[in-house]
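Q: Listed here are the chains, written in short residue letters.
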Amino acid sequence: MSESLHVKVFRFDPESDVEPNFDVFDVPVFKNMAILDVVMHIQNYMDRSLSFRFSCRIGMCGSCAMYVNGRARLACRTQVSVLKTRNITIMPLPNFPIIRDLVVDMTPFFDKWKAVKPYYMPQPECDEPATVKPDSNEREFIDDMLDCISCGCCYSACSMVATNSDYLGPAALNRAYTLIADKRDAIRVERLKAVDRSYGVWRCHTQFNCAEVCPKDIVPTRSIQNLKQRCVMKKFGIFK
Amino acid sequence: MHAWTWFLQRVSAVVIIIALGLHIAYLHFGTAGEPLTYSHIMSRFKMPLLITFDLLLLIFGLYHALYGVYSVFLDFDSGKKEKFMVLGLLIVTGLGLSVFGVFSLLRTVYSI
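Same order as they appear, the protein sequences are chains A and B. Residues in the first sequence are numbered from 45 upward in steps of one, following our numbering. Residues in the second sequence are numbered from 49 upward in steps of one, following our numbering.
No wet-lab data here; the hints were simulated from the structure. Mixed in with the good hints there might be a few duds.
Claimed, not checked - Calculated cross-link-like contacts (lysine-lysine; reagent style PhoX-like; alpha-carbon spacing at most 25 Å):
{"hint": "1", "chain 1": "A", "residue 1": "K237", "chain 2": "A", "residue 2": "K284"}
{"hint": "2", "chain 1": "A", "residue 1": "K279", "chain 2": "A", "residue 2": "K237"}
{"hint": "3", "chain 1": "B", "residue 1": "K128", "chain 2": "A", "residue 2": "K237"}
{"hint": "4", "chain 1": "A", "residue 1": "K279", "chain 2": "A", "residue 2": "K177"}
{"hint": "5", "chain 1": "B", "residue 1": "K131", "chain 2": "A", "residue 2": "K279"}
{"hint": "6", "chain 1": "A", "residue 1": "K237", "chain 2": "B", "residue 2": "K131"}
{"hint": "7", "chain 1": "A", "residue 1": "K237", "chain 2": "A", "residue 2": "K278"}
Stated by the list, open to error - Every beta carbon over 10 Å from chain A, so not counted as near; a handful from chain B, in silico:
{"hint": "8", "residue": "H50"}
{"hint": "9", "residue": "V62"}
{"hint": "10", "residue": "I72"}
{"hint": "11", "residue": "L75"}
{"hint": "12", "residue": "F77"}
{"hint": "13", "residue": "Y86"}
{"hint": "14", "residue": "H88"}
{"hint": "15", "residue": "M90"}
{"hint": "16", "residue": "S91"}
{"hint": "17", "residue": "F93"}
{"hint": "18", "residue": "L97"}
{"hint": "19", "residue": "L135"}
{"hint": "20", "residue": "G136"}
{"hint": "21", "residue": "V140"}
Keep in mind it's a predicted model, so treat the numbers as computed, not measured. Every residue gets a Cβ at the ideal spot worked out from N, C-alpha and C, and that includes glycine.
Work out the full structure: start from the sequences and follow the hints.
A: The following block contains the structure:
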């Protein structure tokens, strides 16, 4: 790899800019450099006004999702070498309002997260601790889906969200599925009603863009398809 | 509404796979050596099993295809009025083609 990267960074300050623009930086490259290292280098040594979010640096918090070379990625988990080019373009996540530079407003995302009541509601008569067999098929499937770190990559890649911002989106529906599939949950039916609407599960047209970009290799489309099956079961009266 | 139409599309997909598979298999293997003449084809159409498969293919194929078209249309996120108009147009088209197809098949069977 060459000694420097040619990095185009999206810049926009709503207080002073009429339109967004791109700034270009030549960033020295080092071994195992991640995109987060690139933007931190720019902020530390080239332009201290560059804004971006990050926290854990190990792919756990989901704060540093950015649109890098045409794809939503976690900046901390994306090594420069995997891009296989010296030219890097970094933009904020699509489908979100922009606050400044690479920082987006996650409010629409978390409003939809809230709409599916993303917390477990125990049944009143449930004896704790509940016994959940780790080798049950249902449990195994939910386990994968629980890895979501709510980074917003899936939401930004979803063309259904892009065409209508009322759509709940892959992350919220995936979260709803993990709870609806959990038989210990007390409000599974209400939760299912909340997603059984035009801009809920039925807006998903199984394009799998969400699965393509998920840094945790979750396939939200599978969760959404399972939710659709449960909606049909509810119509037949066999979803309890 | 969404749940039923989605469920029916899944059912129609299964029916199409089975009916189309049997239809093609029969035409390929069941008619080997048979001369391709008008009278042979007409007599084949009068087989109850074959005509049943053809009717199933027609009805479920049309539903599956038109529901697919509607799903593509939904991607454009048009207004309620446009959705209603396109849905109505597709229903009328589907019903019209179904009636025409069923009539044509039955006319062949009963030589109307």
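Q: Hint by hint, say whether it matches the structure.
A: Okay, the hints, checked on the actual structure:
1. K237(A) / K284(A): Holds - the C-alpha atoms of K284(A) and K237(A) are around 12 Å apart, at most 25 Å.
2. K279(A) / K237(A): Cα-Cα ~11 Å, so holds.
3. K128(B) / K237(A): Within the cut-off at roughly 22 Å; holds.
4. K279(A) / K177(A): 29 Å, violated
5. K131(B) / K279(A): 24 Å, holds
6. K237(A) / K131(B): Satisfied, since the Cα-Cα distance of roughly 23 Å is no more than 25 Å.
7. K237(A) / K278(A): 9 Å, holds
8. H50: Contrary to the label, H50(B) does not stay out of reach of chain A, its closest Cβ about 4 Å off (not over 10 Å).
9. V62: Label holds. Min Cβ-Cβ 14 Å, cutoff 10 Å.
10. I72: Given that every Cβ of chain A is farther than 10 Å from that of I72(B), nearest at about 27 Å, it holds.
11. L75: L75(B) clear of chain A: closest Cβ-Cβ about 32 Å, beyond 10 Å.
12. F77: 35 Å, holds
13. Y86: Holds, since 44 Å exceeds 10 Å.
14. H88: 43 Å, holds
15. M90: At about 42 Å from chain A, M90(B) clears the 10 Å cut-off, so the statement holds.
16. S91: The claim stands: S91(B) keeps its Cβ more than 10 Å from every Cβ of chain A (closest is about 42 Å).
17. F93: 36 Å, holds
18. L97: Holds: least Cβ distance 30 Å, greater than 10 Å.
19. L135: 13 Å, holds
20. G136: For G136(B), whose nearest Cβ neighbour in chain A is about 17 Å away, the distance exceeds 10 Å, so it holds.
21. V140: 22 Å, holds
Violated hints, listed in ascending order, are 4 and 8; each of the other numbered hints is respected by the structure.
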